[in-house]
Structures are given as C-alpha cells and as structure tokens.
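**Student:** Residue numbers (our numbering), protein chains in the order written: chain U, 1 to 413; chain X, 1 to 184.
Read the hints as simulated data drawn from the structure, not as lab findings.
Built from N, CA and C at the ideal position, the CB exists for glycine as well.
Check before you lean on any hint, since a few could be wrong.
Counterexamples of contact, computed for chain X against chain U with all Cβ distances above 12 Å [to be verified]:
#1 E38
#2 E39
#3 E66
#4 F67
#5 G96
#6 Y105
#7 Y139
#8 Q173
Quick list of in silico lysine-lysine cross-link-like pairs, DSSO-like style, CA-CA up to 30 Å [what the hints assert, rightly or not]:
#9 K412/U - K179/U
#10 K88/X - K339/U
#11 K179/U - K51/U
#12 K262/U - K326/U
#13 K94/X - K248/U
#14 K265/U - K137/X
#15 K154/U - K412/U
#16 K137/X - K248/U
#17 K180/X - K137/X
#18 K248/U - K265/U
#19 K161/U - K180/X
#20 K88/X - K248/U
#21 K154/U - K179/U
#22 K412/U - K161/U
#23 K180/X - K248/U
#24 K51/U - K401/U
#25 K154/U - K397/U
#26 K88/X - K70/X
#27 K180/X - K94/X
#28 K339/U - K401/U
#29 K262/U - K154/U
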Amino acid sequence: MKKVFFALLHVTVWFCTVHADRINLEAYAGSFDSIPLGMVAFRPTGGPALKENLPWEIIADDLDFSGRFCVTRSTKIDSSLFRTNNIGLFIDGEYTVNGDNVSLECYIREATTLKLLAGKNFSGDVRQVRSMAHRYANQVFDMLLGEQGFFESKIVYVTDKGSSKHLYIMDYDGYFPKKITSQGEVNIFPAFLDSSTIIWTSFLRGKPDIYTGSISTGASSILIFSRYVQTSPAATMVLDKIAYASSKNGNLDIYTCDRGGKNHKQLTFNRSIDTSPCWSPNGYQIAFTSDRTGTPQVYIMDGDGANTRRLTYEGSYYDSPAWSPKGDKIAFSSLREYKFDVWAVNPDGSSLTRITSMPGNNEYPTWSPDGSHIAFVSTRGGKSDIYCIRPDGTGLKQITKSGNAKMPDWSKF
Amino acid sequence: MSKKLMLVCSVACIAALFAFNGCAKKKVTTLQEPEKVEEKQVVEEQVRPIDTSDNTSFNEADLDAEFKKKVQENLRTLYFDYNSYVLKQESVDKLGIAASFLNEYPDLRVLIEGHCDERGSSEYNMGLGENRARAIKDYLTNYGISSIRIETTSWGKERPVSYGCADEACHSQNRRAEYKVLNR
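The shape of chain U in the complex, shown without the other chains (with noise of 0.2 Å):
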C-alpha cells in the first residue's frame, strides 16, 4: 500500500498542448457568477471501461466545488442540452485501460460548433486517475480564469482513535488518506512548513514538543523543545519562520524562530495565556488568542510583537485564528450558547459574520488555498468530520467519513 502512495506521489503526468494556453472566455460565458460548462463522459478507446474513480466525474466534480462553473453532465454530445442551459463550452475526452495504464485525451470544444480549442494528453498508472483529472481541472481554471486552481491541493489532519491521535494527509476532497506519524501516542496541530514538509506537536517524550517531519517518507525530528510546553506551531512561507507559543519562560506565550528551530524569540511577555499563532499572509503580523483579560480573544501584533492590538470583543471564548490568503478575513472559532462556530472578521475588527450555523461544535478553520472555501471540523453528525464551506456560508459539504477526524490544515496550492 505504501508504494503505491509514493508512486502516487511522484506520479510523472506527461501531457502536450494541442492549442493555445488561454481561452477568451469572455466570447463563451459572458458575465455569469457561476460559469456554465458542459460535460459529456469519456469514451473508452480500448481496453475495460473504468467503473470507479472516472475522470469526467472528477474534473466536473472539482470545477463545480470551485463555485467557479456551473456544470452540466451528460452522457454524450447534446446541442440541446447545452443551448437549454446556455452552455458555450464543454469538455469531453478518451481513454485508453491497458493494463495498469491508463492514457486520458481531455478536450474542451465550443459547444455550438463543437470545435476543438485545446487539448491535452495524460498517462500513467490507473490509480493516478484522479491525479490526473485534478491537474487537468487546474489547467482549465487556468485556462479560463486565469487564476491557479486548488484541486491538486492537500489536507493534513488528525486521526483520533481513543487515545492514540496520528498525522493524515488526503487530497482536499477526501481521497487518499495516508497516515504520516507512527511515533507517540498522541499528534497534534499539524500545520505545512512547506509543500512536503509538516510541523506539528507530538507527545513523544511524554510531554509536548513540536517535530518536522516529511509528507512523503514520514521521517521526522524533532525540532523546538525544552523542559516545557511547545505547541500550535504556525509557519510562514515568505520569511521561512514559525511562530509557536511555549511555557519556556512562566506560563504560554508566543515566540517565533526559523524554520530550523534556531533564533528563537519571544514576542508576548503577558502573565496570561497567549497561543495559537498564525500569520498574516505577508508574513508582517501574526493572529493569535489571548486570555489576558480574563477569557480567550484574538488579538493581533506586528512580526516582532509590537503594536498589539485587540481583534475580537462580543462573545466570551475565541480561539484557532486562521488568516485567510488574500489577508482580507480573519476566521476563527467562537463559543455562543455553548457550542462552537466558525465566524470571520476583516483584520481591523469589522464585519463579524458568522459562517457556520449547524448543529454540534464546528470548529479549527483552515482556508484553501486560493480563499474561496473554508474547511473545518463539525460534530454536526454526532461524530468529528472534516467539512468545507464557503465564506458566505453556503457550498457545504463533507469531505472525510471517518467519523474521528481533527484540526486539519489546508496546503498552500
């Protein structure tokens, strides 16, 4: 099984470009919110048919969640179907099972006069399907938005069994889980230091220190510790430094330090609990939860802990503050009525709007990549999944079945 996720992972997708890179969408969709796309299912060229894991579904699957396109499948070419839901252009393609090989032909075509405008060719071992229908749905975003798609993104997140908690990663919809630790009892508050590598905090010398380890072999060393607590570490791409709140010096507070565990320094000197630090896009401030005045609030300072200023005032218990990564929302959990909910605010304190309003605790929000979605744990089903929804509120949908999963972080594309 093992190898198959590596294989998996250093999947070699060949492709070619029959016709140009970007398509004027304006002459196909106009002005619509929501772009409508058609898509007609592959034909088999040769070898079985696929019964699971089909491209079409897959790339229509992906285009669809995006918010971005409106899709409308079908079986085969139907210029009625389109014209009825003003469809202007549409996907539809071949594949060829030989063996454990698969070869997909993707085309995206005009709809009224089904005129090829670009094509692409992609091979590999069956199981890389959905590889392949992930990158093929990030080349269309790309070529008609323009804009980097998501669907080739990640998830990492806890696994909680009775008392033994452990490190997953998953595509952002679901598939693929694959357990990173195998150490230690219990792993928490796994965040991306960078596409391949995680931070997080892990029990194993029977007290909380934070590790780093590899997505892809799991080896991991440990990387900040000391005779007391290390926890929630944070990084950030652009200064390659990570922010984590220690007892070090009395009771929690935030330092940062670089990505090699070196240079550490603190920024918050309170005699509260200061923790949860994420940062700011641009790496400039860190977000971060405080209860120096008596209950958990988000609070805000600059990189180096200057300029502290205070985020959150109504209700009584903040806390995971997760930045969005266009810096124009901060989203966290708030505890109203005894029970968990995933609210947002712009970074000057103004509109708070609740995002969440289902059943159960829902809480640890993490942004895709592109900020067009929020994923989250709920107990809305009785048992801890991972969920997304959009900002507004709307587009919800489960992402994990488990029923025991945890505090996930979203990969930065």
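Given the coordinates of chain U, work out where chain X should sit on it, guided by the hints.
**Tutor:** Just chain X, lined up with the frame of chain U:
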C-alpha cells in the same frame, strides 16, 4: 566622744561588711551548675544531586509495588473547577500530605501533568493544563520543596479519563492534575 563615734562607725562598717559578705555567699549557693551543652557536628543530610543532564525529557521511574502504593496514597490526583486553575480547599489539604511526603523522601523527583475536560479549544486547553500544573508546583515550592524536584507539563484536553462526556460529573473527572515519579 569622737573616739566613741569612730568605734561605733567601725563596728557598723565591719558589721555591714559581714552582712554584705553573708548575702553574697548566700546567692552563690542558690546558683545551679549550668547544664552541659552537648555539641554535635551538624551534617547536611545526604541527598544525591539530581541528574539534570537530560532535563528536557521525562522518564517515569520504575517503582516497586509497595512504594508505588505509598506514592498513590500521598500524591493524589487533584481536581479543578471549569476553566479554572485555582486550587480548591480539598486540593490544599491533599497538597499538605503531598508536601510532607516529598519532604520525607527528598530523593523523589516528580512530574505534574495538567489535564482539562473536553470542552473548549485544544490550543487554549494546553495553556490551561499548564497553569493547573504550575499552580501545584508553586504551592509545593512555597511549602519548601525544591523547585528542581518538580517538573510540570500539560496534556490539554488530549488525554481525558472519560471520553465523550455528557454531564458535569463526567467532565469534572477530566479536569485534573496527576503526578508521575521521574527517574533522577
């Protein structure tokens, strides 16, 4: 006349002298011999120095069953109110016993682990558990136990005694601080 006066005076003086002498003699006889002070060289109790070479990681000591029982009886789990690290009166009573026990066994080195109930966020509870452990350490050090013998850490809400609590009776079991005896 003057010869007579001189005589009287001399007699009086001698009498007075005698009287004074007699008085002084009397006092000496009432004084008791001072008790002999026993002198003993004060030697500091022999305590092995604590090995701090690996002070960043904690290894639980291997105790024999009999001593383990003693530890459990004297270093008892302490419980806290919701979202609080203030020591309750029952905890203070237990800490008196713990402090005497630690005084009795100056070789012991302990780790105090703070825990929280499953409500609230994981991040904040890591800090709360730490504060609970520290409140106990502060009490014991004020009692005279050397701080080098007491380590603290926090498990936050990650290791409850009971999972999935629905009522306060269950939650209250999780808001606790436990001792572990460490290798020296």
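**Student:** Are the hints correct? Go through all of them and say.
**Tutor:** The hints, checked one at a time:
1. E38: Label holds. Min Cβ-Cβ 45 Å, cutoff 12 Å.
2. E39: holds (44 Å)
3. E66: holds (24 Å)
4. F67: holds (20 Å)
5. G96: The claim holds: G96/X sits with its nearest Cβ about 25 Å from chain U, beyond 12 Å.
6. Y105: Given a closest Cβ separation of 22 Å, the condition holds.
7. Y139: Per Cβ check, Y139/X is outside 12 Å of chain U; nearest 16 Å; holds.
8. Q173: Given a closest Cβ separation of 15 Å, the condition holds.
9. K412/U - K179/U: With a Cα-Cα distance of about 20 Å, the restraint between K412/U and K179/U holds, given a limit of 30 Å.
10. K88/X - K339/U: With Cα atoms ~27 Å apart, K88/X and K339/U stay inside 30 Å; holds.
11. K179/U - K51/U: Holds: K179/U and K51/U sit about 26 Å apart, inside 30 Å.
12. K262/U - K326/U: holds (29 Å)
13. K94/X - K248/U: holds (27 Å)
14. K265/U - K137/X: holds (26 Å)
15. K154/U - K412/U: holds (8 Å)
16. K137/X - K248/U: Holds, because 15 Å separates the two Cα atoms, which is no more than 30 Å.
17. K180/X - K137/X: holds (13 Å)
18. K248/U - K265/U: Status holds; Cα separation ~12 Å.
19. K161/U - K180/X: Status holds; Cα separation ~24 Å.
20. K88/X - K248/U: holds (26 Å)
21. K154/U - K179/U: Roughly 13 Å between the alpha carbons, so the hint for K154/U and K179/U holds.
22. K412/U - K161/U: holds (28 Å)
23. K180/X - K248/U: holds (20 Å)
24. K51/U - K401/U: holds (22 Å)
25. K154/U - K397/U: This hinted pair holds, its Cα atoms lying about 16 Å apart.
26. K88/X - K70/X: This hinted pair holds, its Cα atoms lying about 23 Å apart.
27. K180/X - K94/X: At roughly 16 Å apart (the allowed maximum being 30 Å), K94/X and K180/X satisfy the hint.
28. K339/U - K401/U: Cα-Cα ~22 Å, so holds.
29. K262/U - K154/U: OK: K262/U and K154/U at ~28 Å, within 30 Å.
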